[in-house]
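Asker: Chain order of the listed sequences is A and B. The opening position of the first sequence corresponds to residue 1 in our numbering, with each subsequent residue numbered one higher. The opening position of the second sequence corresponds to residue 1 in our numbering, with each subsequent residue numbered one higher.
Derived from the structure by calculation, the hints contain no laboratory data. Possibly wrong hints are sitting among the right ones.
To be clear about the criterion: a stretch of chain A counts as covered by chain B if any three or more of its residues have a C-beta under 8 Å from a C-beta of chain B, and this derived list gives those stretches [said to hold, decoys possible]:
1. 54-60
2. 89-99
3. 102-113
Just a few of them, taken from the derived set where beta-carbon distance is under 7 Å, the chain B residues facing chain A [unchecked claim]:
4. R5
5. V6
6. R13
7. V17
8. E87
9. G89
10. F90
11. R93
12. L95
13. A96
14. P98
15. V99
16. R253
17. L257
Ideal placement from N, C-alpha and C gives every residue a C-beta, glycine not left out.
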Amino acid sequence: MSAAVEVQQLVREFKGGIRAVDGLDLEVRDGEIYGFLGPNGAGKTTVVRILTTLLRPTAGEARVAGHDVVRDGDAVRRAIGVALQEAAIDPLMTGRELLRMQGALHGLRNAEARDRATQLLERVGLTQAGDRRVGGYSGGMRRRLDLALALVHRPHVLFLDEPTTGLDPTSRAALWREVRALHEEGTTVFLTTQYLEEAEQLADRVGIIARGNLVAEGTPESLKERVGEPTVHIEMSDPDDGARACEALAGLGAVERPTERAPTRIGVRTAAGRAAIAPIVRALDEAGVAVEFVEVESPTLDDVFVAVTGSTLEGAGAA
Amino acid sequence: MREGRVVVALGRRALSVQFRRAQLLMPTFVLPLVLLAVIASGTSAGQGLRGFPDVESFLAFVVPGTIVQGTLLAGLTAGIAMASDIEFGFFDRLLAAPVQRTSLVLGRLAGTLSLSVLQTAFFIVVAALFGARFPGGVAGVLGTIALATVNAVAMGGVSTAMAIRTGSLSLLQSVFPFMFVFLFTAPAFFPQELLTPVLQDVSVFNPLTYVVEGVRGMLGGDSSLGSPLAGFAAAFGMAAASVALSTFALSRRLRRL
């Protein structure tokens, strides 16, 4: 599979020697959704601005859709769609006017731009609002329009910089649906986010950036596996069954014994995860241990984040 | 052809937004007319001074000042709008598009040019309704509109260059009073011969002098009031320099990214 985005030893230094990006290497495969996860100030937006030719790197190389972002910026701009963090949309223009203007910027003729605007307004559910000024749109509507603007020329690679920040759950879900649909159509999506759930829900692979560098990368599942095995928690009916239960479960994984604070709770850490539920319940049944309920707790991307950066996503953001 | 469509699209946006934003509409259409009313009614006695040109009406004599004032303000609003685009991020949307960078400047100035056509025609119609007569006729009016638009583009180029260089909306807004200094050091509302000696000397070096006199000559149908050729030469000279300045400012800004 070829690379839609290739970054090698990318550095961006701002005034005062502040390194927002510090020797970053990453690769985004053609057709995948790449979740770029990190707290505020980690360097996500700086990377996006470099990849979209809005900022020059201090050192290193970056190629998007096969084109160098410094030497061949125009070819990069032809291949990409961009929805930046702050949906910079002129509030005095209507959604349709903005889409038509964006069409002209991407070389569409008048009639083409008009038709494309109508199609996209329908696609993002803004047909009714299309002829209203954007100043009257809600945050969710603006984000959807921003996405539509990024799609006018059917880009090969789509950059979405924190597309759902500040949105209500319904608007967020609508945007996620649209991103999934674009992915199914073959568009490569480079998505920056500070929401773990968003990365988990949408991304084929996730890169975690902290202090300007990539500290972990992989599929959400592989990243979580790296942190630790899932734990199957069993709630027993009778606290006196603890010893018997531990004995019965000994061969199925690392057993976490009941404690004084939770005398009816036993844990079994096992790579099998959910698949271990049936043998565990069978073993407890054979040992005559009555079970109230069973649940599986898997490591989250937050655990991954803590493991690779030493702080939580929120904590790192505040730092 | 492709870049032409870009310039037209950006020009259309610049013009439509101008009419939807009261803070841009007031200075470009209303303020010059208010000033015209004050000057025409308050200083019309000046027409009786020795050395004042032999004109049909004082109103017709000062209208060129209003027209040039309009072009200054139209140009300034181009810079304000550009600074606003930069400050609020809309300019990034334009920079992320595969268009020639000069088209971004020319698109903005195309809006200024269109605005100036409407504005100049509006001032002439209002002045005519209030009794101003223009012996230069239709040719004089069309020539005036042409000269005013070139001057508006020149002023737009200067303010756009400032906007691109600084990206500061508040700085552009603070330039507003200086536009009046530029205007009043030219014989906008009074003949050059009746200005104080110091102001007369300054006005010789102020290119607006030639623009305002060129307009006066065309509307008055009398080249002794001002040379249209000198007016066009001054306006084209300023326009060429300021457009070059703003495209240079943009390329510098992009290099500094």
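Asker: If a hint holds in the structure, say so; if it does not, say that too.
Answerer: Checked hints:
Residue count for the segment 54-60 of chain A with a Cβ under 8 Å from a Cβ of chain B: 3. That meets the three needed, and the coverage hint holds. With a cut-off of 8 Å between beta carbons, the segment 89-99 of chain A has 5 residues touching chain B; three or more are needed, and the interface restraint holds. Counting residues of the segment 102-113 of chain A whose CB lies closer than 8 Å to any CB of chain B gives 7, which reaches the minimum of 3, so the coverage claim holds. A least Cβ separation of about 5 Å between R5 of chain B and chain A falls short of the 7 Å threshold, and the interface hint therefore holds.
Given hint, V6 of chain B at the interface with chain A, holds; its Cβ is 6 Å from that chain's nearest Cβ, closer than 7 Å. Hint status for R13 of chain B relative to chain A: holds, with the closest Cβ pair at about 6 Å, below 7 Å. Of the supplied interface hints, the one on V17 of chain B holds, with its beta-carbon coming within about 5 Å of a beta-carbon of chain A, less than 7 Å. Interface restraint check for E87 of chain B: the shortest CB-CB distance to chain A comes to about 10 Å, outside 7 Å, so the restraint is violated.
Look at G89 of chain B: its Cβ gets to within about 3 Å of chain A, closer than 7 Å, so that hint holds up. Among the interface hints, the one on F90 of chain B holds; its C-beta lies about 5 Å from the nearest C-beta in chain A, closer than the 7 Å criterion. Because the closest C-beta pair between R93 of chain B and chain A is about 6 Å apart, less than 7 Å, the hint holds. Checking L95 of chain B against chain A: minimum C-beta separation of about 6 Å stays under 7 Å; hint holds.
For A96 of chain B, the shortest C-beta to C-beta distance to chain A is roughly 5 Å, which falls under 7 Å, so the interface hint holds. For P98 of chain B, the interface hint holds, the least distance from its beta-carbon to any beta-carbon of chain A being 4 Å, beneath 7 Å. At about 6 Å, the closest approach between the beta carbon of V99 of chain B and any beta carbon in chain A falls short of 7 Å, and the interface hint on this residue holds. A distance limit of 7 Å between C-beta atoms decides the matter here; for R253 of chain B the minimum to chain A is near 12 Å, and the interface restraint is violated.
For L257 of chain B, the interface hint holds, the least distance from its beta-carbon to any beta-carbon of chain A being 5 Å, beneath 7 Å.
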